[in-house]
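Following the hints, put chain B in place on chain A, whose structure we already have.
There are 2 protein chains.
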Amino acid sequence: MTIAIVGIGLIGGSMALALKESGYAQTIIGVDKQVEHVVKALELKLVDKMALLDDAINQSDLIILAVPVDGLLSLLPYVLDRIDKQIVIDVGSTKRPIVEAVKNHPNRRRFVATHPMAGTEYSGPEAAVQGLFTGKYNVICDAADSDSDAVATVKELYEAIGMKITELDSVSHDVHTAYISHISHICSFALALTTLEKEKEANRIFELASSGFASTVRLAKSSPETWIPIFRQNRENILDVLDEYINNLLKFKGLMLSDSYEKFQSYLKEANDIQRILE
Amino acid sequence: MTIAIVGIGLIGGSMALALKESGYAQTIIGVDKQVEHVVKALELKLVDKMALLDDAINQSDLIILAVPVDGLLSLLPYVLDRIDKQIVIDVGSTKRPIVEAVKNHPNRRRFVATHPMAGTEYSGPEAAVQGLFTGKYNVICDAADSDSDAVATVKELYEAIGMKITELDSVSHDVHTAYISHISHICSFALALTTLEKEKEANRIFELASSGFASTVRLAKSSPETWIPIFRQNRENILDVLDEYINNLLKFKGLMLSDSYEKFQSYLKEANDIQRILE
Numbered sequence: 001m002t003i004a005i006v007g008i009g010l011i012g013g014s015m016a017l018a019l020k021e022s023g024y025a026q027t028i029i030g031v032d033k034q035v036e037h038v039v040k041a042l043e044l045k046l047v048d049k050m051a052l053l054d055d056a057i058n059q060s061d062l063i064i065l066a067v068p069v070d071g072l073l074s075l076l077p078y079v080l081d082r083i084d085k086q087i088v089i090d091v092g093s094t095k096r097p098i099v100e101a102v103k104n105h106p107n108r109r110r111f112v113a114t115h116p117m118a119g120t121e122y123s124g125p126e127a128a129v130q131g132l133f134t135g136k137y138n139v140i141c142d143a144a145d146s147d148s149d150a151v152a153t154v155k156e157l158y159e160a161i162g163m164k165i166t167e168l169d170s171v172s173h174d175v176h177t178a179y180i181s182h183i184s185h186i187c188s189f190a191l192a193l194t195t196l197e198k199e200k201e202a203n204r205i206f207e208l209a210s211s212g213f214a215s216t217v218r219l220a221k222s223s224p225e226t227w228i229p230i231f232r233q234n235r236e237n238i239l240d241v242l243d244e245y246i247n248n249l250l251k252f253k254g255l256m257l258s259d260s261y262e263k264f265q266s267y268l269k270e271a272n273d274i275q276r277i278l279e
Numbered sequence: 001m002t003i004a005i006v007g008i009g010l011i012g013g014s015m016a017l018a019l020k021e022s023g024y025a026q027t028i029i030g031v032d033k034q035v036e037h038v039v040k041a042l043e044l045k046l047v048d049k050m051a052l053l054d055d056a057i058n059q060s061d062l063i064i065l066a067v068p069v070d071g072l073l074s075l076l077p078y079v080l081d082r083i084d085k086q087i088v089i090d091v092g093s094t095k096r097p098i099v100e101a102v103k104n105h106p107n108r109r110r111f112v113a114t115h116p117m118a119g120t121e122y123s124g125p126e127a128a129v130q131g132l133f134t135g136k137y138n139v140i141c142d143a144a145d146s147d148s149d150a151v152a153t154v155k156e157l158y159e160a161i162g163m164k165i166t167e168l169d170s171v172s173h174d175v176h177t178a179y180i181s182h183i184s185h186i187c188s189f190a191l192a193l194t195t196l197e198k199e200k201e202a203n204r205i206f207e208l209a210s211s212g213f214a215s216t217v218r219l220a221k222s223s224p225e226t227w228i229p230i231f232r233q234n235r236e237n238i239l240d241v242l243d244e245y246i247n248n249l250l251k252f253k254g255l256m257l258s259d260s261y262e263k264f265q266s267y268l269k270e271a272n273d274i275q276r277i278l279e
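The listed protein sequences derive, respectively, from chains A and B. Residue 33 in the UniProt record's numbering sits at position 33 of the first sequence; the count goes up by one each step and never skips. Residue 78 in the UniProt record's numbering sits at position 78 of the second sequence; the count goes up by one each step and never skips.
If you're looking for bench data, these hints aren't it; they were derived computationally from the structure. No experiment lies behind these values; they were computed from the predicted model shown. There may be inaccurate statements among the hints.
One copy or two, it doesn't matter: identical chains are merged, so the pair holds either way.
Said to hold, decoys possible - Listed next, the in silico BS3-like pairs over lysine-lysine satisfying Cα-Cα at most 30 Å (straight line):
#: 1; residue 1: Lys269; residue 2: Lys40
#: 2; residue 1: Lys136; residue 2: Lys40
#: 3; residue 1: Lys155; residue 2: Lys251
#: 4; residue 1: Lys136; residue 2: Lys269
#: 5; residue 1: Lys164; residue 2: Lys49
#: 6; residue 1: Lys221; residue 2: Lys136
#: 7; residue 1: Lys200; residue 2: Lys263
#: 8; residue 1: Lys33; residue 2: Lys269
#: 9; residue 1: Lys20; residue 2: Lys136
Bound conformation, chain A alone:
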């Protein structure tokens, strides 16, 4: 199979590596509108060749759109306008606005909305890594709105790169990701700002930073170009979660102010229950 990947960054580049490694794709054609990405993708041998978008569409059986979710809103209809029987998938972190953008498109059923739940805090072609998707979940959204042959092929593709498949409607997807992905990024960005502000007066502050701090703050290295469009598109859900998160912090603050450490301890014990979920 010949696969075009539009956007050769962390996710697109890692998919290129995984699809080639698995043997699922014979040929990978890369597309990217940034010159540095084109040059780097070839230099790092992430793809077999780079091409312009229209040529890549014509030469491929399947097209993967791995661009920031704001760009997807116009890229997806553009690509659907130009396909025949090919399959198009996106890998964006929001789903409702994406499926909304093409709900009346005549080629809607050739599109499969997906979200491989994997990533790192790095970005660009240099961030592409082998094995990023192995053992992780891929979500297929609103599968009933896609042709069944397209959904079957997309499942094969994700299974070929070692992913487990689950299905959700796009509305639930966006609620779930607000809780278990988007809010983590907000927390980390805000924590980084808080400590960096303090650094202005205490310049040795990070000398002591422990691995726990590094773990909590690492997502703050993530690309704003990727994340602002996600926060924007999933605004309502994120605002809900953010309110709940701030309320929990205010609750902790109140318990400290009133020296209610027994009650505080009981909340921390509740929070410990997270070890049931994370190994």
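Just chain B now, with coordinates in the frame of chain A:
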């Protein structure tokens, strides 16, 4: 040298392993008031033998206090009452209340206040790991209040287990740790609570949890018995940082509510500066 370690949990147990491995200690005597810890420490061969506190003090050249910081407030003067020329160190995550508790003690100068900046989210003797301290910073606080031979020995000890040494006054230490350790734990505990509450209505929510979420929330597995006393003793500093953190979150919320994504993006770019500090 014969070293007594009081409290054979994550930190005490890992110090026992490191001190033995390095050859710095010939004999390690463990002390713990929990029967399960005594049994486990022997079973895991973390120490050469377990003893009761008074016997351990008599038989040791140096005594390491690795108990939760609330217990330290009474344990430290108790131990200082019973030493002759021995050196006593603590490894707690707060410093001002600890040094305050013994500031008028006749044996104050045999005590060196230290804080090895290392840990994991696990607790108890089973959490003890080889190499926990290698390459990390140890902070010695208020060194001028300790005998210089005691400080020199303590530096040797930490260097023997591969740590870099830095010095701070205890007041600055407690401000710094509020920013680069204590607040991370508050963030993680609150994030875990937020998502666990949501799980009650969406039971598959954690199926999709990515490595980014796991990283941000992992400190929420930490022991409340360790952390509540830290939050309590460092209350004022943590409340300050928590206010700044909540303000940053409220700023993000305001920017989303007013659709000010350019401004929001500029804050995320500022937060990216954290990569200057963390590899």
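Discussion item. Hints numbered earlier in the text: which of these fail when held up against the supplied structure?
Written reply: Of the numbered hints, just 3 does not hold.
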